[in-house]
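Each chain, letter by letter, is given below.
Number of protein chains: 2
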Amino acid sequence: MLYLVGLGLADETDITVKGLEVVKRAERVYLEAYTSILHVGKEKLESFYGRPVIVADREMVESSSDEILEGADKADIAFLVVGDPFGATTHTDLVLRAQELSIPVKSIPNASILNAIGATGLQLYNFGQTVSMVFFTENWKPASFYDRIRENASIGLHTLMLLDIKVKEQSLENMARGRKVYEPPRYMTVMQCAQQMLEIEDEKKEQVYAQDSLAIGCARVGADDQQFACGTLKELCDVDLGPPLHSLVLLGKRAHELEKDYIKKFAVNEETFEQSWKKYHDRNQ
Amino acid sequence: MLYLVGLGLADETDITVKGLEVVKRAERVYLEAYTSILHVGKEKLESFYGRPVIVADREMVESSSDEILEGADKADIAFLVVGDPFGATTHTDLVLRAQELSIPVKSIPNASILNAIGATGLQLYNFGQTVSMVFFTENWKPASFYDRIRENASIGLHTLMLLDIKVKEQSLENMARGRKVYEPPRYMTVMQCAQQMLEIEDEKKEQVYAQDSLAIGCARVGADDQQFACGTLKELCDVDLGPPLHSLVLLGKRAHELEKDYIKKFAVNEETFEQSWKKYHDRNQ
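Residue numbers (our numbering), protein chains in the order written: chain R, 599 to 883; chain Z, 599 to 883.
It should be emphasised that the hints constitute simulated quantities derived from the structure, not laboratory data. In this text, a Cβ means the ideal position worked out from N, Cα and C, and glycines have one as well. Please note that a few of the clues may not be correct.
Facing chain Z, according to a computed beta carbon distance under 8 Å, are these residues of chain R, among others [unchecked claim]:
no., residue
1, Leu618
2, Ser710
3, Tyr723
Could you build all of it, start to finish, from the sequences and the hints given here?
Now the structure itself:
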């Protein structure tokens with residue numbers, strides 16, 4: 599059996615009791631380490647589980663899935679995923695390959711950012727589709743996120759934006775030369791996300807949002823030191839929320855007064871918060 | 599400290615290691631038992647935790663929150679919530695009351711239906727706002743869900759519908775006479791949800807969906823015996839998916855071929871599935 603085990607969001611104790619039982623009895627344990635991260639390293643997990651953990655990078659999962667699945671028809675293999683196995687990234691290729699080999703697959707659910715974002719005080723019922731934001735390069739500034747936000751905004755809903763992470767990436771030069779030298783990991787910050795959002799609005803000028811649109815910058819959601827900053831996109835361009843992971847919620851116009859009462863305590867600047875709320879969200883205006 | 603501890607979706611082992619530590623050391627442990635249910639009873643939880651659990655019904659949480667919070671300024675109180683503390687129902691009143699009393703509050707996240715629904719094979723990125731469906735009575739058929747579905751459908755997104763549960767409800771007569779006699783619990787089924795959806799479409803005739811619209815009936819998501827049935831709304835009116843909890847996903851037109859490959863194995867009837875897919879979801883048509 600291939601088990602996809604959700605690890606939750608923060609540390610080694612966020613695994614479920616059910617998940618931990620699987621990890622303890624599995625023949626091999628892989629840790630998917632390229633689409634998200636916990637706040638503790640592999641060593642901490644190994645000492646908590648009392649057994650070795652094999653780090654699975656993108657290359658291994660995408661090119662050597664048969665290595666991971668080796669023997670899973672007879673024994674249990676655990677594939678650990680930060681958050682929930684059905685969260686932002688579903689390991690469809692691995693699951694489909696297992697099915698081709700007649701290996702049964704089972705998921706052990708856990709918390710994901712999609713519901714933990716409720717810690718902002720925003721109602722999960724008021725969120726539209728989740729959107730990804732990737733690192734822009736000089737020549738590549740994918741803006742499909744802009745259309746997705748427009749769709750959510752058209753029906754008044756909040757948008758959760760999940761921010762890019764780059765782990766074990768090669769530079770173009772190293773890739774061209776076939777050198778397996780990797781760049782240091784990079785995690786997009788709320789500042790970078792807000793800047794990229796304004797860059798695209800500035801280019802397209804379709805008023806999907808503006809410099810004074812309200813958003814909540816979120817850092818390390820689900821951990822003891824989680825942090826929120828509510829401000830205009832312009833303000834969030836300068837708010838340092840510390841270590842990864844970050845995400846951002848752009849408020850929909852249907853935001854409710856009860857949500858306001860909760861999020862205003864995260865306001866970067868109470869005055870600009872009230873101004874933008876009045877301009878975009880106050881139903882009495 | 600007041601801890602809101604997510605229990606996950608199925609049984610006693612779905613609690614996280616972190617959550618279990620809190621439960622073991624807390625002064626008192628309450629189980630919120632009116633917005634969702636696990637597949638195991640209070641006794642199973644008590645024997646797993648090795649301690650008594652107090653069932654908190656709606657009346658207690660809404661009218662006697664100070665009883666729950668008693669002493670939480672000095673000791674730890676655990677308030678257990680099926681799924682994730684920020685899932686469908688947020689216990690805002692309890693949290694706000696704790697804050698008034700200067701009692702710190704902390705949440706221990708867990709899986710919720712909002713991400714576990716990924717087990718259908720549908721991409722979580724393609725879901726719009728989540729919608730609730732309540733039991734209709736002869737004179738009360740709230741149809742706001744219809745407008746929410748229209749909004750999601752207008753941008754091609756799936757809609758997850760969470761189905762009503764009625765636990766410890768009084769009949770109007772017993773309520774009027776002040777008799778604390780309660781009706782047996784009721785959990786809405788996929789059949790009832792599909793019927794109510796078609797009843798409203800039949801009344802409004804705004805073609806937000808139709809009898810042959812594709813949906814997935816879901817039962818006991820996250821448990822070993824979880825079950826899915828993909829069919830037209832008309833077909834789902836007659837599909838018995840067994841014990842609760844049930845939920846339903848109405849497919850958005852932007853559904854992808856990869857999603858089709860996954861969900862077709864749940865088809866009630868392959869022929870009608872293909873017909874409806876071709877009619878509503880095939881991008882080449």
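Comparing the hints with the structure gives:
Restraint check, Leu618 (chain R) versus chain Z: the minimum CB separation of about 6 Å is within 8 Å; hint holds. Checking Ser710 (chain R) against chain Z by beta carbon gives a least distance of about 5 Å; that is within 8 Å, so the hint holds. The restraint placing Tyr723 (chain R) at the interface with chain Z holds, with a minimum CB-CB distance near 6 Å, inside the 8 Å limit.
The structure is consistent with each of the numbered hints, conforming to all of them.
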